[in-house]
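S.K.: Okay, here's what each chain looks like letter by letter:
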Amino acid sequence: MSEVTMRIWRGDPTGGDFENYTLPANEGEVVLDMVHRIQAGPAPDLACRWNCKAGKCGSCSAEINGMPRLMCMTRMDELPADQPVTVAPMRTFPVIRDLVTDVSFNFEVAKRIPSFAPRPREADGTYRMAQMDVDRGQEFRKCIECFLCQDVCHVIRDHEENKAHYAGPRFLMRAMELESHPLDTRDRRELLRKELGLAMCNITKCCTEVCPEHIKITDNGIIPLKERVVDAAYDPIAWLGRKILRRSRPPVLETETAASPA
Amino acid sequence: MSTLGDVKPTPVTLGGARGGPNVRTLRGDRWWVSPAVTVGVLTSFVAYATWAAFQNANYYVGASMHRDLISPFYSPCLTGSCVPGSHPGFVFTWWTISPAILILIFPLGFRLTCYYYRKAYYRGFWQSPPACAVADGHKSYSGEARFPLILQNLHRYFFFFGLILNVILTIDAVMAFRMPGEGLGVSVGTLVLCVNAGLLWAYSLSCHACRHLCGGGVDQFSKHKIRYRVWKTLSPLNAHHMQFAWMSLIFVGLTDLYVRLVASGVFHDPKLF
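Chains X and W, in that order, give the protein sequences. Be aware that the first sequence starts at 1, since it is given in the working numbering, and climbs by one per residue. Be aware that the second sequence starts at 1, since it is given in the working numbering, and climbs by one per residue.
Heads up, a few of these hints could be off.
To be verified - Listed below are the simulated BS3-like cross-link pairs for lysine-lysine, each with C-alpha atoms no more than 25 Å apart in a straight line:
#1 X:K243 to W:K232
#2 X:K142 to X:K243
#3 W:K232 to X:K142
What the hints assert, rightly or not - DEER-style ranges, computed between Cβ atoms:
#4 W:A145 to X:K111: 51 to 57 Å
#5 W:P21 to X:T126: 33 to 39 Å
#6 W:Y48 to X:K111: 33 to 39 Å
#7 W:F147 to X:E161: 29 to 35 Å
#8 X:P13 to W:K232: 49 to 55 Å
#9 X:L23 to W:P21: 19 to 25 Å
It should be emphasised that the hints constitute simulated quantities derived from the structure, not laboratory data. In this text, all values refer to a predicted model and were calculated from it rather than measured experimentally. All C-beta atoms in this analysis are idealised placements derived from N, C-alpha and C, irrespective of residue type, glycine included.
This is chain X alone, in the form it adopts within the complex:
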């Protein structure tokens, strides 16, 4: 029976290093299975966050052979068999222990996105939306909040100081979901430009590459949002058109503290 060596980062906020665990290779296993076998055998104290093991809870995010991935969705047979499999915690977030990181930065950013503010209901008390109106937003709602996109984004991965004024791909996508919502009445574009760092994104598309839900975060979320900000702030012809046609929504300039209900 062939064997596989798992090279797993062990440590806490004071520091750490890789430790090797050599195990028999079983057919059909994913990286999370290997971590569980290590916990059941040589290292019962190995810390790892996981829940559904089906790629839907977004808990088991880690860096496998250097790339941000879900441990439960990474098959062992798609990794090079002739070298150790490296598993490290997400680089962008503070480590708690071993493979577990503190992702609370993301929850704080989520609070800064102004919530859904629908227009008044119809006369019969309902909201009506055509299927063509809601189709676009469905893609964004596939997000499982694994935060791999936040982890891989070099704006905060390599520049900790940017966390104070950059929302990150997951939340720029969330902003696009709200901005393009057929019922929403808020204009978040100035906020995105001035406070949430939309211009910090330089479209290198790593967020799209690592998304386990295959959401086109850049093409369908961030770039359309950038174009909307161009409409509002950098396009004199669009500005003139709004003035002549008197079309504008009141801009939201401050972040909110309440989480969005939508």
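Given chain X's structure and the hints, the job is docking chain W onto it.
M.R.: Relative to the frame of chain X, chain W by itself:
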């Protein structure tokens, strides 16, 4: 008993020990191949285009060779130095250097501010980042928030200029069916100009700014059904923007090369039918 109101948010402390070892990357694959290829192809194209733009010769195959082929680098030829037959009837006499420089500013601006090429050159040339999960090549980073990169927001205006050039290059392709002294026909040069125009249209229509302006900026598609249809049509094209960007870039260079070789007499443009 505690209630939801008692739950206070946990303050986030920035900084702290980051996950994993402090190394540039843990990737063991050949992540450097893609940025290296990007640098190689873009540098080759820029070197060739610069050389071709300053040649100011062999960009037009005219009536003496029974053809009407013009290089896309020199069309429309608008300066006093344009060879007879290559200009559209009026010229800017104050422009004294190569006519190609006057034209290439616009496609250069369009491609330089293009959302796809931004990814390519930020990764390849600026190393910001060189590849996913590989450390940024710079200690500080301010994105596109300041001058000069804030000018990337002008992309849509370059898109409009690009459309004008596409119309002109399409007219050039149609004119290439006219073979002075031989009537109408199709030569290899005709096909080259047609494919070039087609690829440039595909690149322009798949542009993210185009997709936004045609319908992406609409929130309620059911009230703008024509714009919705256009947006729906352009979205699949947009998904292939990268492929169109590379194909059109390489082919526009090859088109110039073909016209240049025919114009300089290296070989005759073969007539197909």
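S.K.: It remains to establish, for every hint, whether it holds in the given structure.
M.R.: Verification of the supplied hints:
no.	hint	result
1	X:K243 to W:K232	29 Å, violated
2	X:K142 to X:K243	37 Å, violated
3	W:K232 to X:K142	20 Å, holds
4	W:A145 to X:K111: 51 to 57 Å	23 Å, violated
5	W:P21 to X:T126: 33 to 39 Å	56 Å, violated
6	W:Y48 to X:K111: 33 to 39 Å	52 Å, violated
7	W:F147 to X:E161: 29 to 35 Å	21 Å, violated
8	X:P13 to W:K232: 49 to 55 Å	50 Å, holds
9	X:L23 to W:P21: 19 to 25 Å	22 Å, holds
Of the numbered hints listed earlier, those contradicted by the structure are 1, 2, 4, 5, 6 and 7.
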